[in-house]
Each structure stands twice: as C-alpha cells, then as structure tokens.
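**Q** Just so you know, the sequences run in chain order B and C.
Just so you know, we're using our numbering here: the first sequence kicks off at 852 and counts up by one.
Just so you know, we're using our numbering here: the second sequence kicks off at 852 and counts up by one.
It cannot be assumed that every hint is accurate.
Repeated chains share a single entry, so a pair holds when one copy, or any two copies, can fit it.
[What the hints assert, rightly or not] Cut-off 20 Å, straight-line C-alpha distance, at most; resulting in silico cross-link-like pairs (PhoX-like, lysine-lysine): (1) 891 with 906; (2) 1285 with 1222; (3) 885 with 924; (4) 1270 with 1164.
By construction, these hints were calculated from the structure, which means they are not laboratory data.
Protein chains: 2
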Amino acid sequence: MAKEIPTASCEVMDTTSDGKGEPTNLCVFSAPIKAHERIKRTAEYAEDPAGYLQKALGKETFESRRPMLSLPKTVDMDAYGTGEHRQHFEQHIASFLGKQHGLFFVTGIQAQLAALKTYADRAEKPYVAWHTSCHLEWAEARSFETLYGLERLLLGSDPETLPTVDEITTVLGHSNYSRPAAILLEIPNRVLGCQTYTFGELEKISSACREAGVALHMDGARLWEIEPYYQATAGKSFADLTALFDSVYVSFYKGVGGATGAMLVTDDESLIDEAKLWQHRAGGRAFTLGYEVIDDERGFNENIGTFSRKRDKMIEVVDAVTAATAGYKSTDGSKIVNFEPDRPTCCQILTVFDGFTEEQLIDARDRVEAKTNVRIFDRLRPKETVDADEDIQADTNLSGSVNSKRHFKEWMIMSVTEKIETRVFVDAYVDLCKELVGEAS
Amino acid sequence: MAKEIPTASCEVMDTTSDGKGEPTNLCVFSAPIKAHERIKRTAEYAEDPAGYLQKALGKETFESRRPMLSLPKTVDMDAYGTGEHRQHFEQHIASFLGKQHGLFFVTGIQAQLAALKTYADRAEKPYVAWHTSCHLEWAEARSFETLYGLERLLLGSDPETLPTVDEITTVLGHSNYSRPAAILLEIPNRVLGCQTYTFGELEKISSACREAGVALHMDGARLWEIEPYYQATAGKSFADLTALFDSVYVSFYKGVGGATGAMLVTDDESLIDEAKLWQHRAGGRAFTLGYEVIDDERGFNENIGTFSRKRDKMIEVVDAVTAATAGYKSTDGSKIVNFEPDRPTCCQILTVFDGFTEEQLIDARDRVEAKTNVRIFDRLRPKETVDADEDIQADTNLSGSVNSKRHFKEWMIMSVTEKIETRVFVDAYVDLCKELVGEAS
Chain B
852 MAKEIPTASC
862 EVMDTTSDGK
872 GEPTNLCVFS
882 APIKAHERIK
892 RTAEYAEDPA
902 GYLQKALGKE
912 TFESRRPMLS
922 LPKTVDMDAY
932 GTGEHRQHFE
942 QHIASFLGKQ
952 HGLFFVTGIQ
962 AQLAALKTYA
972 DRAEKPYVAW
982 HTSCHLEWAE
992 ARSFETLYGL
1002 ERLLLGSDPE
1012 TLPTVDEITT
1022 VLGHSNYSRP
1032 AAILLEIPNR
1042 VLGCQTYTFG
1052 ELEKISSACR
1062 EAGVALHMDG
1072 ARLWEIEPYY
1082 QATAGKSFAD
1092 LTALFDSVYV
1102 SFYKGVGGAT
1112 GAMLVTDDES
1122 LIDEAKLWQH
1132 RAGGRAFTLG
1142 YEVIDDERGF
1152 NENIGTFSRK
1162 RDKMIEVVDA
1172 VTAATAGYKS
1182 TDGSKIVNFE
1192 PDRPTCCQIL
1202 TVFDGFTEEQ
1212 LIDARDRVEA
1222 KTNVRIFDRL
1232 RPKETVDADE
1242 DIQADTNLSG
1252 SVNSKRHFKE
1262 WMIMSVTEKI
1272 ETRVFVDAYV
1282 DLCKELVGEA
1292 S
Chain C
852 MAKEIPTASC
862 EVMDTTSDGK
872 GEPTNLCVFS
882 APIKAHERIK
892 RTAEYAEDPA
902 GYLQKALGKE
912 TFESRRPMLS
922 LPKTVDMDAY
932 GTGEHRQHFE
942 QHIASFLGKQ
952 HGLFFVTGIQ
962 AQLAALKTYA
972 DRAEKPYVAW
982 HTSCHLEWAE
992 ARSFETLYGL
1002 ERLLLGSDPE
1012 TLPTVDEITT
1022 VLGHSNYSRP
1032 AAILLEIPNR
1042 VLGCQTYTFG
1052 ELEKISSACR
1062 EAGVALHMDG
1072 ARLWEIEPYY
1082 QATAGKSFAD
1092 LTALFDSVYV
1102 SFYKGVGGAT
1112 GAMLVTDDES
1122 LIDEAKLWQH
1132 RAGGRAFTLG
1142 YEVIDDERGF
1152 NENIGTFSRK
1162 RDKMIEVVDA
1172 VTAATAGYKS
1182 TDGSKIVNFE
1192 PDRPTCCQIL
1202 TVFDGFTEEQ
1212 LIDARDRVEA
1222 KTNVRIFDRL
1232 RPKETVDADE
1242 DIQADTNLSG
1252 SVNSKRHFKE
1262 WMIMSVTEKI
1272 ETRVFVDAYV
1282 DLCKELVGEA
1292 S
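Go ahead and model the full structure; you've got the sequences and the hints to work with.
**A** What follows is the structure in structure tokens.
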C-alpha cells in the first residue's frame, strides 16, 4: 500500500502553539487553535448559529451570504443518524448543490464506497472505473477490493494526465458485462494539482455514461474549491455541475474547515436508502455524529462564498511568483520553481521544485526562515508519477526520495494564508532561489 | 434484517426539554441536556480535565478515584488517529482493563469486525461463532457476511439461554477447518437482560479455546457494568476477566455516557496493526475523532467507579418491586411484573410484563403518570425469543406485537435514575398493577 499523501503537505493544524513569535507560514492549513478552543467554537455555534455567524463574518457579509447559509431552527444531536439538525443540514447541502437528497458520513471513504457498491450491486457486476490518481486507488488501503469486493478498471493511459474524453468513452464501449457499473471522476484532481475537465468535456462524458447505462459519480472532495473555475470559464454553477453526475461526494474538513465528515448527494432516493445500509455495515451509523454535523455546518457557513476570492488570490500569487523566479535555474537549465498545473484552477496547487535534493531544499528553506521569519513549506514529497512513486515506496521504503531532484509541496490559499500579502510569497520564493543558486546575501 | 433494539428502551436523551414539570422517568437514560450544553461540557473538560473532574465529582471522590482516572497531560485532537491525547486515552483504557494495547474506534461494529476479520484471515478460514442474540447477528445489517465475508456458526441451542460450556467446547472439537477462527462472547448478554457466565465457566471456555487454537473475543459493550458482578461473586477484576480473552471491545456511550465510540484492547500488538488497516478500509480513520475521544474520556472519568453502587441499587429496586408486586396476577394466573434475569447481574435488566397487550400497558402507564407524575417506561417491545421476534417482524412488519401479551422494557440504573428513591419505583409498579387489574383508586 502506498503511503497516504496527507490532505495538505502543510502543517495540518497546531493545537498547542500560542502563535506568538511563530514564522509566517505560507503553507499553513488553518490558524493554530487549541482543542478546547475548537470545541468551544463548536458549542458557541450550536447555541446560536446566526448570532455566531454574524460575529464571525460581520453583519454585512452574513446578510449578503444568507441565501447560501445553512441556518437551522433547531440544533440537536442526531441519534443513529436521525435528528432535526442533521436532516436540516443534509437537506440544505443537497439543495445547495442542486440535488434532492443528502446523507452525512463520518468519512469520504464510506460515502464513496457506499455509492459505488450500490451501483455495482444494481448492475450485478463488480466493475468500477477510475484514474490511477484516484483516492480509492492509493489512499484507502484498497478497501474497494479487500472489503467491498469491487474490481476496478483504470481509466486513461498516463498517470500524470486526466483520462481523456475519448479514453473514457472507449471504456463505455466495452461489451455489456465488462463495462463498468460506475465511473468515478475526481473534480478537481488533487494529485494532479487540481487539474480538471472543462464543463464541455464533462457534458460529453456525462452523456456517454447515460447512453451506456453507466453511473457517473463525482469525487467532489474539493468541489467547493473548483466551482469558481466553472463559473469563471463557463458561467456554470454547482447545480449545473452536479446535474451531470448521478451522485456527488463532498468533504467538510478541507477547504470548508469543519471537524471531519462528508456527504453523499443525489436525486436518487433509493441510492440514499442503500447507502445507509452500507454505512451501517461499515460501522458508520454511530450513536451520534452530532459534534461533526454541527461543526461541519459551522465550517460550511463560515467558508462558503470565499472560494472564488481564494482562487483569485492563488492565481495572483502563482503568476507573480512564476514571473519573479523565471530566471532562477538549476545546473541542468530547468526552472527551479514550477507549478502544476502552470496556472491554478482553484485555491489549491502543487509547487514543484526542480534540480535540488530534499536536503538542499530544506537547508535553503531554513536559511530563508532564519533571515526573514517566513517559512515556505513544511513537508516535501518526491515528485514522481503516481505509479513510480508507489514502486519506490514499496521497494525502498521511501529511501528513493533521498536522491530525487524533483520535489513538490501541495498547498492552498486558506482563510489564514489568504491574509498574507502576495509580495511576501514572491520575496520568499525569490529568497529560496537565491539560497539554492548561491546568490543569497 | 431485524429491526434494531435501541440501546435502551428508555428515551435516549432529551435535547430540547428544559426539564421543568417533566415527570419522574424511571427509565431515562441521561438527564436532558441541549446540544450546545453537551458540547460546552466537552470543551470545559478539554480545557482542564482535572479541574473539571474535581468539580463534577467533588474533590474527595476525585482523589479517591484518581488511580482509575485517565488524566492526560495534553488534550489535543488526533489527526488520522495520531495524537498525544488519543494515545494517552488508548493506553490508559488498555492498562485499566489489563491489556497492553488499545485502539479507539468510532463504533463497536468496526472494532469487533476488525478483530474477527483479522482472526479469520490468520486462520485462513471465514468461520466465526456466536450466540443468536449477538449484536453482529441482528443489529449490524449482517455486515459480517455482506461486507467482511465472514461465515458464522451459531453457538448454543436455545435463543433464550446463554450457550453452555459444553455447547461451546463441542464446537471447539470440530475438525480443523470447520472449527471457527474465533468465538465471540458477549459479557454480559444484553438481549438476555445481562445474564452472564460465572468466572469459573469463563475460565473453562478460555482454556478450551486456547487448547483448540481458537481466538476468544469479548463483546464487552457492558463490561463496565458487569465487572462488579465478578468482584462480588468471585473477587475478580477487569484484568482477571480480560486475561481470559484474546481481545475485548468496550463501549463509551452507554453506561459511561460519552459522545460515541468504542475501543479494542489486546496484548497482541499485531492485532492492533491489522485492526488499524480494517478500520481504515471501513472508513473509520477520520481526519479527527478528537471530539469523541475527549468526551469519552470525560464520560469514563465521571462514571468509572460508580457501577458497583448502581448494581446494588438495581438489586435493591428489583427485589423490592418483585416482593411488592408478587400478588398481582393476570387472568391466566401468571405474575404481571417479572424480571429477566430474576435477580440483576448488574445495573441493566429487562422488566417483562405478562398478560396484557401493549395498548393496555400504555393506558395503565399513562393513568399512573397522570396521577403520580411518575413514568414507568417509554417504549415496550413484544417479548418473544429472538428468532420468533425476527420472524414476526419479517412476516408481519411488527404487527405481531399488537396481540402479544408479553412485553418488556430494557432499562438501567444510570446516574440520573440512581437518584430516584427505591420506594418511588415500588409505588409506581404497584400502581401500574392496580390499574391493570382494575383495583386503582
């Protein structure tokens, strides 16, 4: 099994630091907050959601975003999945995304496998299809086959590229039995730096799936983050996007900043019923998930409506850093600082450093931090194709990374990093390049 | 699938009522508490566990129970299962129960199936064995076979009786392949009113399992509650009990009163490693379960050390009610009020009402409540054997219950019901009998 890439290579959260004297971290996921403060925040939200949000967002922003917000009449805790607040949140998220029904899950692993297993059972065959970069392929201990008894077909020919529309329609043209019961597309594709399909491509894939009688499921772990891309490039909304899919999974603890949890949304009520059964079987029907449901609603309400702005900021930062570092090259002539993709699709991207070892990069990072109190990255990972990466890990227990001269960091513009001025990013990357090429003062 | 018996037939919790003017409920699970108050309580505990407990328990009780308590140095939230506080809690519970290793789970379903699946994989056969009253048999949507690919052998010959030592050793004597990889015993047996084995019987079963190379797993959902029985009858402790088992699952949201969650404890470190893998596959490796871990520790610390006292109270109540209602009989001559078992083993039991329909019982209950403001039960269930019950449900969608003249309520002495004087229980049951036989004033 491949080692899981953490959700962000950035520090996830610092629950002990008081933040004083800490460096400006360009890659931090969320502001440091102690456990009891996080829980207290959840309690404050639960006591008076609207009041909490007016304070957190400001009255004006609260009013302007009100149509998007999930504002419950009652905040109770569900008992085994049933409760007024939970049903309100499920209904709100489903409607917000343009679907009729929603089911909350403790994890995305459960949500997606419940949907795929149901599609496979209905089709009376075990086949489901996805790209090799798919979360189910490398980050779930191969649950799909070891626990759910599914068999997967891999879409596409290149681990570093989204499967093309043609490659997908080819699989849909398989003879009836070997044609997959469902296709999973990750929108956007996290491993590929949030590359994604155009809306037109998605329309073609969706039509082809419907024609072939194959369910189309969206891994929308970062759907919140990518929707502004579809608004900007095609004038398309959440509802326009989800209309192309039979079911959609979304996550609440990444960009949305909730405690943990996921939701499956669909127009297909019987899919929800069957997914509930698989949720129960997987041990996801807890006595209550009230803490998570409540905190996820808080996170959703605090962050929905911010992703377009965060995307704009990411584009500004990447464009500026690209321009400022264009002249810095490693000994083999390649640019040191690269982004994947070249231009951000959303507020999450990969920075790829070329031509230096991990040790050299960390030394340079630390020297920049010592001089400027700005920290550019926390963790790096060797940049290989997904397959090659898995092989290296399997064969050498990650020691392959020592000699690699391509590394990446995965990072996002979050509420906390959004506040850092673009020139701070630019200066830090330029300083890093200078340290690496020996031009540092 | 059989309809799940709720954890207590009592009202689980009332999150909206303010408790004013409410009747004395002999069957309530916990005091009414609003969602935000529950969360705030968790936050207060997280901020200063020892301070919280000194206040909640009183300084003297806190000091006297200190050796039992899980008092963490740091309260952080785990990230994907790793965190100082979570590891502290896992270690504390494992040690407290006399085992070396612990693994926290969001549900008992995941915890038990992770252990059983591992035993089956090791033995290279799918067979596991339990009594028909087992939670895995009727309350988990048959996850063991539909998801985990296990096949179960049923122990014992009578749905209403614990499998005997002889019946278990017979199964252990099966030829190698058909002998189960593991046996699950529920200590105590919830469906049978918390009947349990004597310590001597458990020793025999344990030896026989070891001799046969069969893993012995404890469903200890109510182990906290039953330990005083073994102390009282055999001078045996948690550690003495768990030493007889290869692995033990315990629950944190029942008698212990935590948010939700479970733990698997064992001396077998590789079982923990394998269980982690199954936990991951089942979607139980959430971004954090910090809210649950923290609140479960609070519940454990507030309730550990109280179960002997609650057992004593239950024995006192049952003995007194039995004596006071002995003369009240239904038209067929059977006693109206019965307990299963006759004498409590612990603070949980079944009250079985004989000779009246559900409607008659509810009418009588409501008349008693109207006169005395004491409520004897909330929900009733028809009392059949487990098998017959399932058949009725499958065939008639529970309509079989309408004509049944045997009903039970499941109830516990919890922190809130412990405070109700025994004579209140006695008077209420006598009043109920009088209403039923037409002697009410």
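**Q** Classify it for me, residue 1270 with residue 1164: is the Cα-Cα distance of at most 20 Å met within a copy, between copies, both or neither?
**A** Within one copy only: 10 Å inside, 60 Å across.
**Q** Between copies, within a copy, both or neither: which fits residue 1285 and residue 1222 at Cα up to 20 Å?
**A** within (13 Å within a copy, 86 Å between copies)
**Q** Indicate which option fits the pair residue 891, residue 906 if close means a Cα-Cα distance not exceeding 20 Å: within, between, both or neither.
**A** both (15 Å within a copy, 19 Å between copies)
**Q** Treating 20 Å as the Cα threshold, decide for residue 885 and residue 924: within, between, both or neither.
**A** between (29 Å within a copy, 14 Å between copies)
Of the hints listed earlier, there is not a single one the structure fails to meet.
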